[in-house]
Structure formats: structure tokens, C-alpha cells
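Engineer: Modelling step: build the complete structure from the supplied sequences, incorporating the hints.
If you're matching them up, the sequences are chains L and H in order.
Our numbering applies: residue 1 is where the first sequence begins, and numbers increase by one.
Our numbering applies: residue 479 is where the second sequence begins, and numbers increase by one.
There could be a bad hint or two in this list.
[Stated by the list, open to error] DMTMM-like mimics (lysine to aspartate or glutamate), calculated; alpha carbons at most 25 Å apart, straight line:
hint, chain 1, residue 1, chain 2, residue 2
1, H, K836, H, D713
2, H, K836, H, D734
3, H, K758, H, D599
4, H, K484, L, E180
5, H, K731, H, D610
6, H, K592, H, D734
7, H, K484, L, D185
8, H, K811, H, D833
9, H, K484, L, D433
These are computed hints drawn from the structure, not numbers from a lab.
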Amino acid sequence: MLFNSYPFIFLFLPVALAGYFLSSRLGHLAPVIWLALASLVFYSVSNWQFVALLIASIAFNYLIGWLLISGRLRPAPRRAVLTAGVAGDLAVLGYFKYAGFLAANLDAMFSAGFALNVLLPVGISFYTFTQIAFLVDAYRGNVARYALPHYALFVTYFPHLIAGPILHHRDMIPQFERAESQRPDPHLILCGLIIFGIGLFKKTCLADGIQPLVSLAFGPATPTFDQAWLGALAYTFQLYFDFSGYSDMAIGISLMFGIFLPLNFNSPYKAQNIIDFWRRWHMTLSQFLRDYLYIPLGGNRRGPILRYVNLLITMVLGGLWHGAAWTFVIWGALHGAYLCVNHAWNRFGPGVAPRFTPLANVAAFMLTFLCVVVAWVFFRADSLPAAISLLSKMADPTNIAFGRLEIAQGAFIAVYAAIAWFAPNTQTIMGYDHQNRTVGQGLRAWQMRPLFIYATAAVLAFGILGIQQHSEFIYFRF
Amino acid sequence: MNNPGKYLWSFLGATALMMALAVLLNFVVDPLQLFRPARLFAAMYSTDSRMQNAGLIQSQDFDTVFMGTSLAIHFRQSEIDRALGVRALKLAMTGSNSKEQSFVLAAALQRHPKRVIWQMDDWIFREAPDVDNDVYLPADLYRRNARGIAGYLFSGATARESLWILARSIPPLQPVVARLTNGVLFKFPIAGVDDINALRSDFDVPGFYNAKNAMAAFKRIADPRRGHHLAEGFDYAAMVRRFEHDAIDLIAKNPDVTFDIYFAPYSILQFVAMRDASPKTLKIAYDFSAYAFPRLAQLPNVRLHDFRAVKEITHDLGSYGDVVHHSPAIDLKVLSMLADKKYLIDRAAPLATLDQLKAQVEAYRVEQ
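Structural biologist: Right, here's the structure in full:
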């Protein structure tokens with residue numbers, strides 16, 4: 001089921017909310033069970049054939065987690081149980097996500113006639129990572145014993161199930177256990193609706209609105225220099241508004257249930273270097289990769305050379321997590337290389353005189369954005385030759401159209417750039433503080449609040465009116 | 479907020495009110511002219527013919543429907559009217575298949591036109607998704623059912639167009655809005671119904687339709703490595719099935735309507751490319767004609783015209799932008815040939831033109 005659909009907004013969400021709050025009269029566990037079941041219904045509407053896989057994954061990981069937490073195992077068997085758990089998760093993910101890719105590459109190398117078409121269960125990358133983190137923390141002794149309904153809800157919780165944010169059990173399960181979360185709070189519902197409305201507007205009006213321009217670069221026609229740039233920039237903004245819109249909607253929906261989700265975006269295109277970019281883009285994935293891959297690999301503890309190697313490995317695997325294709329591998333490797341250069345520059349690069357700092361910041365911002373756009377070409381292209389062909393068009397200013405249409409398209413994209421670069425982001429507008437579990441505090445004292453209410457109502461109204469029949473989120477396919 | 483419950487209801491009420499206002503605006507302005515012809519506001523039209531046709535069928539007066547693919551898209555209704563003495567409505571859709579064409583024609587036939595002019599070729603009868611699974615065709619809008627009407631009225635995109643048309647209808651704003659309307663932001667940039675998908679007056683016709691472009695396209699598709707592209711959609715059994723369902727059934731259900739069906743004058747290069755790069759595809763094309771022509775010739779309300787063997791057109795490569803798409807001058811010739819019934823198929827010998835075509839294709843040698 002899509003957040004940007006009438007059945008979700010006008011049927012599923014109201015019923016899920018009503019059932020959640022009404023069932024709290026039956027005790028603390030009933031709302032948790034209700035929400036977990038509602039989440040399974042949400043998932044099964046368009047992925048019914050993979051519901052059993054999701055339930056099996058939950059049961060498997062809960063059992064492994066229970067063994068790790070119970071304290072009955074000695075160190076060696078504990079480690080073996082963890083290894084089995086993580087390997088089991090990765091094997092399932094590997095089969096569904098990478099077996100076809102592996103078969104295609106073996107076929108390309110040996111012409112052996114390997115071909116495997118495996119349907120990808122939506123959300124598998126997200127719920128697998130979420131549970132691997134749980135197992136690793138259980139092994140480290142950082143997990144309390146959770147009841148099965150709470151754990152099942154932590155994995156299936158529908159606002160994040162399909163495309164994140166990637167949740168952490170320590171953040172979520174205590175919130176599910178709080179009795180206050182299970183009582184309707186008009187303030188949280190209002191703030192949740194506003195955040196949902198902003199996210200919906202980003203998706204249906206901004207991301208879907210710019211989507212036709214993406215085909216300038218990634219469509220069947222061969223683009224000119226300016227068309228290639230327009231298409232690449234259009235995709236850059238489409239992806240941002242699509243994914244950050246989804247994350248806003250997830251946060252807003254969850255807030256209506258009294259649950260605070262972690263932030264996933266913090267105006268990434270305002271970043272002045274790549275390290276900063278990755279602290280702002282898909283933040284929960286960055287944190288996951290840092291805590292469960294980069295640091296276990298050794299992080300920066302084994303000298304600068306190994307640090308760079310670890311960065312590259314982490315980013316290549318991060319790229320591969322997005323999809324089983326060489327384009328994603330190159331995208332990850334490119335960002336890994338960017339990060340290495342960034343760290344090396346921080347260490348060895350010259351300082352900037354204070355009077356040149358503003359100029360240097362502008363240059364850093366532009367260079368960072370440029371690097372990100374170039375990398376998105378690999379992320380979006382259907383194949384490596386297609387990506388290289390497009391980049392060659394972007395580097396060939398001799399072939400230029402620059403007609404009336406391209407000027408209009410450029411102006412259109414400039415509006416998107418202005419929003420991404422200069423507008424406050426959702427959490428700033430709403431005063432959303434995930435750590436302190438507060439939101440909308442500034443609104444209480446704000447004299448302009450009726451105007452704000454009506455303006456945000458207009459945003460939600462246009463978000464709903466912008467819903468199109470066939471518009472999935474880009475990150476659903478990861 | 480001191481009284482969050484009050485603000486929550488205000489928020490929900492304001493959201494509902496704004497949606498209602500947008501619906502009202504869409505209903506009053508009605509950019510597609512689905513409910514009434516434009517009178518209060520300027521009539522504007524979109525190049526997206528699959529969407530636009532739903533409104534044209536309701537808003538225009540016509541006694542003849544003109545259907546086809548990209549080969550028929552640039553015709554001007556005024557020229558059809560002049561050449562054939564009719565009041566035509568052009569409903570051609572680029573890249574359309576027979577399911578789409580039959581569905582749109584059926585909707586138009588509910589307005590009881592006397593005549594249908596239908597540009598056909600083999601390729602429209604390829605397998606295609608049903609109209610309800612066709613993401614490009616708003617089928618419910620043609621059916622005018624609750625779902626279609628709601629989708630049209632509860633739409634921010636329609637509201638944006640409505641606002642734009644509203645602004646364009648205010649005389650002091652008209653010139654500015656007209657200059658800003660370019661089809662990128664606003665999807666209804668055409669002020670005259672005759673101009674929908676017709677080539678603009680500043681279009682470089684000789685620069686686009688010339689022998690060099692036609693030969694370049696031929697070389698592309700005749701490359702043996704691309705032979706499979708030529709074969710795409712050519713499945714004899716499926717084509718016959720679609721032909722029976724989408725063409726024959728529709729024609730048989732409307733015995734009072736005259737169907738002028740013409741097979742478009744592809745350049746000879748299209749068939750030569752098949753001959754050289756994909757002979758099986760050429761055989762399917764021939765076999766399909768051998769099936770379809772006698773079948774159409776049986777129907778009393780069909781006049782079948784075959785322009786594929788009209789040598790003075792199909793061998794004049796300077797009139798083509800690629801191997802199939804002909805210039806506006808050929809559009810006029812097609813109308814003139816329809817009016818003169820010069821290439822009308824003889825019901826007693828429906829395969830005569832096919833035999834001529836086969837001989838021409840066999841004999842043709844490409845100049846290197």
C-alpha cells in the first residue's frame with residue numbers, strides 16, 4: 001500500500017489510528033498487537049506473497065535474539081549463534097536481492113546459460129538490516145528482553161517497513177511500551193498531520209512534478225549538453241523530494257500514534273563537503289553502516305590507510321545494498337572515493353584565510369553538489385555504458401540545444417534548487433526533536449499560528465490533490 | 479498550542495475546504511471541457527491526445543471521426559473538412575494500439591457520427607495491456623463514471639490548469655499568460671482545436687522530412703543486429719485476435735456508420751528493411767494483410783483503401799522523416815486519395831494491392 005494513495009489516507013490510516021487508541025482500553029498489549037496486525041495488513045495489500053517470509057524472518061531473528069539474550073550460552077556457542085543468525089539473514093537477502101545479479105555475471109563471464117529471475121520482496125533490505133542490528137546488539141549485551149509482540153511491531157511497524165527510516169530497537173521498543181503513546185494526543189496528531197502533509201506535498205507535487213524532465217537525460221533520445229544536465233539535475237531533485245517526502249510522511253504518520261521516528265534527512269544539498277552530505281542524506285542508513293560495518297571493520301583505529309580502505313569497503317557495500325547492479329557498486333565506490341579525498345583534504349589540505357572563508361564555503365558547497373550530481377548519474381542509469389554516455393554528453397558543451405523549452409525547463413529546475421537550498425526543512429519548520437521527543441513547541445506561543453494552520457492545511461490539500469494513480473516511491477525498489 | 483484539539487479540527491476543516499474549492503474550480507473551469515464546451519473561459523487544449531480526446535468527444539460537434547497513430551497525428555481537422563466535405567474530429571494518438579483506438583472510437587461513436595476514417599497498419603494490432611491497465615489512457619474519464627470524474631475533479635494538476643486558464647481569460651493578463659504557456663508547466667498550451675498536434679508554422683519541414691533522414695533510419699533498423707526490433711509485436715495469431723476483437727467487432731456493431739479504413743503509405747524502406755533484416759516479420763505482415771483485407775471487404779459499411787503500393791509516394795524518400803512517417807504534403811495527398819477513392823480496394827479482388835506491394839518490395843534495390 002502506498003502512503004500517497006486514497007485508500008491509505010482515507011481508509012487504512014483512520015482505521016489503524018482508531019483501532020490503536022480504542023484497543024488501549026483492553027490493556028497495554030492490545031494496541032501493540034493491533035498495530036502489528038495492521039502493519040501486516042498494510043504490507044500484504046501489495047506484497048501478500050511475501051508476508052510469510054516477513055513473519056518467518058521475525059520468528060527466526062526473535063529466536064536467535066532470545067538465545068543470545070538468555071545468557072545460557074557460553075562464549076563460543078554464543079558467537080556461533082550470532083554468526084548463524086546474521087548469515088541466515090544475509091543468505092535470505094542475498095538470494096532475493098543478489099542471486100539474479102550473480103547469475104547474470106556468471107553467465108556474462110562463462111556464457112553458461114545461467115539466468116535467474118527472483119522477485120524482490122519490498123522492504124527486505126530495510127527489515128533485514130534492522131534485525132541484524134538487533135542481533136549484533138543482543139550479542140554485545142546491549143538488549144533487554146523484549147516481548148514478542150513488541151519485537152514484531154518493531155520490525156513490521158508500517159510507517160517504516162517499506163523504505164525506512166532504519167530503526168533501532170533501543171529507540172523504538174521503549175516507545176511502544178509507554179502507556180502515554182497509546183492515548184490520543186491532539187497536539188501530536190496535528191503535528192503528525194502537518195508533517196505528513198509536507199511529505200505528501202514533496203512527493204506528489206514536487207517529485208512527481210519534476211519526473212518528466214528526468215527523461216531528458218535518462219530517456220530514449222540522445223541528449224545535448226544542456227538537456228543532459230537538466231535531466232541529471234531533475235533526477236537529483238526528484239530523488240531528494242521523493243525520498244525525503246517519504247521519510248517525512250513516515251515520521252508524520254508515526255507521530256499520530258505517539259511514536260517518534262528518527263530523522264532521515266537534514267537538507268543534504270546544503271552540505272559543504274561529502275562527509276557533511278552523508279550526515280544529512282539517508283541518515284539512518286549512514287548510522288547503520290557506521291555502527292555495524294565501518295566500526296567493526298576497524299574504522300579509523302588502524303591508521304589512515306586502513307581507514308580509507310574501510311571507508312571504500314563500507315561505501316561499496318552501501319552502494320550494493322541499494323541494488324544488485326554494477327551501477328550501484330560504482331555509485332558507492334565513487335562516494336567512497338569522495339569521502340577518502342575529503343578526509344585527506346581535512347588532514348593535508350591548506351587552511352583558508354578568514355577573509356576568504358565565505359568564498360571557500362560557496363566553492364565547497366558547489367563542488368560537493370557537483371560531485372553528488374555526477375554520482376547520481378550512476379545511481380539512476382540503466383547500465384554503466386548508459387551512465388558513461390550521459391556523462392560524456394554532460395562534458396561536451398559543443399552540442400547544445402538551449403532553446404525556449406530548455407530555458408523554461410531550467411527555470412523550473414531552479415525553483416526546485418531554491419527550495420532544496422534555501423527553504424527550511426520539515427524538522428526546522430515543525431521543531432521536531434527526536435532525541436527529546438518534542439515537536440511543535442514553538443507553535444504554542446506563535447502569534448501567527450492560525451495562518452500557519454491554514455497554510456499547512458493547503459499543503460496537505462494540494463498533496464492529496466496531487467496524488468496520481470501510478471506513482472511509487474523510488475526507494476521501494478531497494 | 480493551548481487548545482490543540484481546536485486547532486486539529488481547524489486544520490482538518492481547512493484541508494477539506496481547500497479540497498472542495500479546488501474541486502469547484504475544476505468543475506467550473508473544466509479544462510478538458512468534459513461537462514460543457516468552454517464559454518466563460520478560454521478554450522485551451524493539450525497535446526496529450528489520450529487525455530484530451532476524452533474532452534473533445536464531449537465538447538466538439540462532429541460527424542466524422544479521424545483515428546490513427548503518429549502517422550495521422552499531424553492532420554488538421556480543417557483540411558480533413560475541406561477535402562472530404564465533413565466536420566471531422568481528430569482522435570489520433572501517437573503510438574496507439576488497436577485496444578486504445580477501438581476503446582476511444584467506441585466512446586466517440588456514442589455521439590452518433592456518420593463516418594469514421596481509420597488509419598491502420600499491422601503494428602497497431604500487437605498485444606497490449608487492457609485499457610484499464612494502460613497507464614497513459616484515462617479509461618474512466620471516457621466512461622464518465624464516478625471514478626473517472628472524481629479523478630479529474632480531485633486533482634491538483636487539473637486545478638493548476640484551471641487556475642492558469644482562469645488567468646488567461648482575464649484580458650489584461652492574457653498576453654503575459656499566453657507567453658508563459660509553453661507546455662512544460664502547463665499542459666493546455668494550444669488555443670485552437672485545429673492546432674492540436676499539428677506541426678507549427680515555424681517547423682522546419684524540409685529539415686525533418688528528407689531522404690537523408692529516411693536513409694539514416696533505414697540503416698538503423700535494417701542492421702541485422704537489430705532485426706529483433708523489427709519483429710517486436712509481430713505475432714500473427716495475436717494480431718488476428720486483436721483485429722477481430724478491436725476492429726471487426728466494433729465495425730459490425732455499428733452498421734450505420736461508414737468506416738473508411740486506409741493502410742498508410744509507409745515508405746518502401748520499411749518493407750525492404752523487413753525483407754533484408756527480418757524476413758519472418760515481412761511474411762507476418764503479408765499474411766496479416768492477406769487475412770485482414772478480405773475480412774474487411776466482406777463488411778458492407780467498410781471502404782478499404784490501401785496506399786502502401788502507391789509508388790509515387792512510397793518511393794519518394796524525400797517525403798519521409800524516417801521509414802514510415804510522412805510529411806504534411808503527403809497528409810494532403812492522403813486526404814485527396816480518400817476523397818477520390820482512387821485506391822479503394824475492389825471487394826472482388828481484395829489482395830491486388832498486396833500483390834503489387836510484394837512485387838515492389840522484391841524489386842527494390844537500396845542505393846548505397
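Engineer: For each hint, tell me whether it holds in the structure or not.
Structural biologist: Comparing the hints with the structure gives:
Simply put, H:K836 and H:D713 have alpha-carbon atoms about 20 Å apart, close enough for the 25 Å limit, and the pair holds. Distance hint between H:K836 and H:D734 is unfulfilled; the C-alpha atoms sit about 34 Å from each other, more than 25 Å. Restraint check: the Cα-Cα separation between H:K758 and H:D599 comes to about 17 Å, which is no more than 25 Å; the hinted pair holds. For the hint pairing H:K484 with L:E180, the CA-to-CA distance comes to about 21 Å; that is within 25 Å, so the pair holds.
Of the supplied pair hints, the one linking H:K731 and H:D610 holds, its CA atoms being roughly 22 Å apart against a limit of 25 Å. Pair hint H:K592 plus H:D734 holds up; C-alpha atoms about 7 Å apart against a cutoff of 25 Å. Proximity of H:K484 to L:D185 is assessed by CA-CA distance (about 12 Å); at most 25 Å being required, the pair is judged to hold. Between the alpha carbons of H:K811 and H:D833 the distance comes to roughly 23 Å, so the proposed pair stays at or under 25 Å and holds.
The suggested pairing of H:K484 with L:D433 holds, with an alpha-carbon distance near 24 Å, which does not exceed 25 Å.
Comparing the model with each numbered hint stated earlier shows that hint 2 is the single one that does not hold.
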